[in-house]
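What follows is each chain in one-letter form.
2 protein chains.
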Amino acid sequence: MEKPSIPKGTRDFGPAAMGKRQFIFNTIRSVYQKYGFQPLETPTMENLSVLTGKYGDEGDQLLFKILNSGDYLKDVDSAKLEARNSKAITSSISEKGLRYDLTVPFARYVVMNRGEITFPFKRYQIQPVWRADRPQKGRYREFYQCDADVVGTTSLLCEAEIVMMIREVMKGLGVTDFTIKINHRGVLKGIADTIEATGKETALYVAIDKLDKIGKEGVSKELSEAGFAPDKIELLFNILNTTGSNEEKRLALTALFKSESGQKGLSDLKTVFDLLEASGSNQSNLEFDISLARGLSYYTGCIFEVKVNNVAIGSVSGGGRYDNLTASFGDKENLSGVGISFGVDRLYDVLEELQLFPKEIQRSSKVLICFLDTESMRYGLKVLAALRAAGIASELYPDESKLKKQLDYANKKMISFTIVIGEEERKEGKLMLKNMDAGTQEKVSLEEIIKTLST
Amino acid sequence: MEKPSIPKGTRDFGPAAMGKRQFIFNTIRSVYQKYGFQPLETPTMENLSVLTGKYGDEGDQLLFKILNSGDYLKDVDSAKLEARNSKAITSSISEKGLRYDLTVPFARYVVMNRGEITFPFKRYQIQPVWRADRPQKGRYREFYQCDADVVGTTSLLCEAEIVMMIREVMKGLGVTDFTIKINHRGVLKGIADTIEATGKETALYVAIDKLDKIGKEGVSKELSEAGFAPDKIELLFNILNTTGSNEEKRLALTALFKSESGQKGLSDLKTVFDLLEASGSNQSNLEFDISLARGLSYYTGCIFEVKVNNVAIGSVSGGGRYDNLTASFGDKENLSGVGISFGVDRLYDVLEELQLFPKEIQRSSKVLICFLDTESMRYGLKVLAALRAAGIASELYPDESKLKKQLDYANKKMISFTIVIGEEERKEGKLMLKNMDAGTQEKVSLEEIIKTLST
Chain A
3 MEKPSIPKGT RDFGPAAMGK RQFIFNTIRS VYQKYGFQPL ETPTMENLSV
53 LTGKYGDEGD QLLFKILNSG DYLKDVDSAK LEARNSKAIT SSISEKGLRY
103 DLTVPFARYV VMNRGEITFP FKRYQIQPVW RADRPQKGRY REFYQCDADV
153 VGTTSLLCEA EIVMMIREVM KGLGVTDFTI KINHRGVLKG IADTIEATGK
203 ETALYVAIDK LDKIGKEGVS KELSEAGFAP DKIELLFNIL NTTGSNEEKR
253 LALTALFKSE SGQKGLSDLK TVFDLLEASG SNQSNLEFDI SLARGLSYYT
303 GCIFEVKVNN VAIGSVSGGG RYDNLTASFG DKENLSGVGI SFGVDRLYDV
353 LEELQLFPKE IQRSSKVLIC FLDTESMRYG LKVLAALRAA GIASELYPDE
403 SKLKKQLDYA NKKMISFTIV IGEEERKEGK LMLKNMDAGT QEKVSLEEII
453 KTLST
Chain B
3 MEKPSIPKGT RDFGPAAMGK RQFIFNTIRS VYQKYGFQPL ETPTMENLSV
53 LTGKYGDEGD QLLFKILNSG DYLKDVDSAK LEARNSKAIT SSISEKGLRY
103 DLTVPFARYV VMNRGEITFP FKRYQIQPVW RADRPQKGRY REFYQCDADV
153 VGTTSLLCEA EIVMMIREVM KGLGVTDFTI KINHRGVLKG IADTIEATGK
203 ETALYVAIDK LDKIGKEGVS KELSEAGFAP DKIELLFNIL NTTGSNEEKR
253 LALTALFKSE SGQKGLSDLK TVFDLLEASG SNQSNLEFDI SLARGLSYYT
303 GCIFEVKVNN VAIGSVSGGG RYDNLTASFG DKENLSGVGI SFGVDRLYDV
353 LEELQLFPKE IQRSSKVLIC FLDTESMRYG LKVLAALRAA GIASELYPDE
403 SKLKKQLDYA NKKMISFTIV IGEEERKEGK LMLKNMDAGT QEKVSLEEII
453 KTLST
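Residue numbers (our numbering), protein chains in the order written: chain A, 3 to 457; chain B, 3 to 457.
What the hints contain is simulated information worked out from the structure, not anything from laboratory work. Each hint should be verified, as a subset may be incorrect.
Put simply, identical chains are the same to the list, so a pair is met inside one copy or across any two.
[As the list claims (entries may be wrong)] Subject to a maximum C-alpha distance of 27 Å in a straight line, what follows is the list of computed BS3-like cross-link-like pairs (lysine-lysine):
| no. | residue 1 | residue 2 |
| --- | --- | --- |
| 1 | 445 | 10 |
| 2 | 36 | 361 |
| 3 | 406 | 36 |
| 4 | 89 | 76 |
| 5 | 89 | 10 |
| 6 | 361 | 183 |
| 7 | 384 | 5 |
| 8 | 414 | 334 |
| 9 | 5 | 404 |
| 10 | 10 | 56 |
| 11 | 139 | 334 |
| 12 | 404 | 272 |
| 13 | 173 | 10 |
| 14 | 218 | 56 |
| 15 | 414 | 36 |
| 16 | 5 | 56 |
| 17 | 82 | 429 |
| 18 | 36 | 407 |
| 19 | 260 | 368 |
| 20 | 89 | 414 |
| 21 | 415 | 266 |
| 22 | 384 | 453 |
| 23 | 202 | 368 |
| 24 | 234 | 76 |
| 25 | 218 | 260 |
| 26 | 202 | 406 |
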């Protein structure tokens, strides 16, 4: 029989990886909750009518589709079947697909439950998503997203709170050297207006978005090919090269921009900076990055991206404000929202590289009780019950094995303490507590052990 | 545009339901961890070669299958395609399926990672599974399982620990009136041997398993049809009617059984009872139920089932010992294990019916800061920062709205406290803290508020 395997681009998470992942999830979840966000979970499968057309043609190709149950070929059009037209047949044999992101299901939920939702609605959602992308290093077909969004208000307080949340998450994870990049779609529009790119905004934003990756030369080339005149490209780079503090950049652009969109973007950013100041936050790790564009055309206001400095890993978080969350479902009400998403896999790699995972999260039980004979095992059961009653994660080795094997088990599972029980210990009523990390041991009472391990 | 919907048999879990579900998950997870179980997560999609044939023919039909990406019809056999033979074509156009339970993926994980696993391996797994079953009340197409298994030891300490874990989970959930039913496959074999049912064991166990549902008459009829003689059926019911304490039943059967299997089952149960006693547990809610059979033929030792008394809901938990977890993957090593699984949806219904969900889990933030003017909003930002720095989940209403609207928001989100800030409060430096449940309010300092809300 062939050795079993898992699908390409998917992963098992064993105990060691799970401990680390839970640390990341718990940190993000507790910050979200502290900021008043409430949990939502949507089904893994969505109707394809909900998913299709929401992510562009490329996205539609990357949806995992579920084969209908039963005799799924029964009503398929004969001509299409004979032509082996996979693409044309899909909608006849598949009605459901796997969640591609958390935003579309969230929008779908809001449309379906509008009457019961209290707005502004602050929801967070931590669930996996699936994309039939070609797997490669750091890109998986199943991965978690950790989203938080507020919808139903245009208040810029939400943007300020997103900056604060990012800081708290980073602090909770132990990451100290990071940059929160902030920009505004209005600022980008202001640039477009200034260099007279009306009608070619998308090409401009897409090119700017690549500045990090392909450099000034690459962007120039791309814009040239898109029909931008050399003097306009030069003007663009003059604007993008604006240096100074956030305030200095803002003032420089305020003097430059003639268009309303551009001025609105700058005044929104000023409000966000002011709100942060009013809440006692500084701007030390917040950078007004004029070249931050973020691909998704659906953002309409502030946009965010978070980079950990001195680590060769892309952004670990991103988000922004959008209008009309529910418009794609034909919803007429203007539901503006703003959201942020953390990439768990990238955060994992960052924490691993910077060795920031706390040691204790990789442990299982705090103590293993070992025994030398059957009677001592029974004695150990009482000790075990007392430890657990005190809330201490603990185990009794289940088999009558040599002590070495029992201690090996503790070592391999990274259990910090062992208690070894033999005839002597039973008679004395004192137990040998061994600190496996320090290699020290002492004979103490059960009460003392509980006191030591409870801290 | 049509209103969007979710697939039949799936559910959204909004904030209120999520709060309750997280309470159940957290309770189970913390007990599992206290008992030394470590987390595992496996991919949502498994190769169909891993899943198929593991759940019987019916199970295979209930697997959700993923349509291959790209031009999936390209290499499909023409004859089968023309014949519209859905069943025969499936394996050509689908390679992956959704996880059907947590046991098969666990076995697959053990086979793939045997070299790195420390045995006995205690793993827990809390993830959704999918079944293309006909949806009906209480039966969903996507639902969570919460499994804990120990593999790599035959020690009956594991069985005793499962009983203790069930008790701790129930206690953690606030359920006091419940029964843990325990039986042993050996006992069932002993009954089969006693009534001379050799070769017809499966029919016998399947019938016994239905005693709860179809009663004595129904079971008799079924056995009759399966070729059991009336005197044997009578003998069977005599055995099943054995009354008394666990110990009395055990002694009665010990005197009756001639077969080795039967005696082995009884002696295993004795050991489990003894270990529970040695650990200071009593048997008050543990019932040796001779008629407990549990459908799955793959159990080989002790079997468990948990019923909440006085609630018309089936079992909320079940499990047992099995041999050869990994045999279906051609693995030759004899990996015995024992496990338990909790049904979250049933526990949810039980806690709802018994009104056992703690009130505080349904809350979001602990306090909402309301404000009467722009300046007060800025003042509120500092208050907000101080509350959150103290770890208190809190929000500032994001929009300049009438106070009534702000308080409505607090009420709807079940936020217990509000702070209202106006000019007076800013000048005095004292804040009005309102207890929304009690309807009381008092003007206090921020420090006092933090003290009150931190408890």
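Q. Are there hints from earlier that the structure breaks, and if so, what are their numbers?
A. Structure breaks hints 1, 6, 7, 9, 11, 13, 14, 17, 19, 20, 21, 23, 24 and 26.
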